[in-house]
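**Student:** Please arrange chain B on chain A, whose structure you already have, making use of the hints.
Residue numbers (my numbering), protein chains in the order written: chain A, -19 to 94; chain B, 16 to 127.
If you are wondering where the hints come from, they were derived from the structure by calculation, not from laboratory data. Any given hint could turn out to be false.
Claimed, not checked - Computed, partial: chain A to chain B, Cβ under 7 Å:
1. P(-12)
2. F13
3. G20
4. L23
5. L25
6. T28
7. E82
8. L91
Quick caveat, the model's predicted, so the values are computed rather than measured. Ideal placement from N, C-alpha and C gives every residue a C-beta, glycine not left out.
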Amino acid sequence: SAVISQKPSRDICQRGTSLTIQCQVDSQVTMMFWYRQQPGQSLTLIATANQGSEATYESGFVIDKFPISRPNLTFSTLTVSNMSPEDSSIYLCSVVEDRESEQYFGPGTRLTVT
Amino acid sequence: KNEVEQSPQNLTAQEGEFITINCSYSVGISALHWLQQHPGGGIVSLFMLSSGKKKHGRLIATINIQEKHSSLHITASHPRDSAVYICAAPAYSGGGADGLTFGKGTHLIIQP
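One chain only, chain A, in its complex shape:
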């Protein structure tokens, strides 16, 4: 199975600032996704990171707030822009190696906005 790393693992940020989260996979993968888990809640899909093109966002998430890049088949970034305390969450990336395989999750980035 794919080994996924995320940086940073946690951060405390001030409101109004931006944070970029990196997701690195040890092998080329077909699909990469970004999820958010707000405190006490289950996970919510933010977007599908598309290699070489704009990400596909779910309802309620917009590119200006959560710009995503995926320059190749092993790396993606998610930026949380103009942060507010409501953005305090765990952000996770996940990957699918091919259409028949399971989805693997990174360790997550725990973000606190003060």
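**Tutor:** For chain B alone, kept in the frame of chain A given last:
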């Protein structure tokens, strides 16, 4: 978009008990996922199944595609099984490699 319902939300049991967690979803799918999340936040994929039954150690997952229902069973439960168990389905119909939509999770505590 798929909606996933999971029950119970909380479950406390004694060591050795047989555990069942149920999941239902609204849109026909190609495969359903069962995940485990430990207090540190890490998520582990337990099963991806599209039909019938799968078994891994003391964990068994079943799915009924026609009824859009799946169950996760734990036999001879142990305190180390204490975790949050999450059912997840592709957010949109079909989509073997779609992003997922998740149930609220079942917080399981196994007491010694």
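**Student:** Compare the structure with each hint and give your call.
**Tutor:** Evaluation of the provided hints:
1. P(-12): Violated. Min distance 14 Å.
2. F13: holds (5 Å)
3. G20: Violated - the Cβ of G20(A) stays beyond 7 Å from chain B, reaching only about 10 Å at its closest.
4. L23: Holds - the Cβ of L23(A) comes within 7 Å of chain B, reaching about 5 Å at its closest.
5. L25: holds (4 Å)
6. T28: holds (5 Å)
7. E82: holds (4 Å)
8. L91: violated (12 Å)
Checked against the numbered hints above, the structure violates hints 1, 3, 8; every other hint is satisfied.
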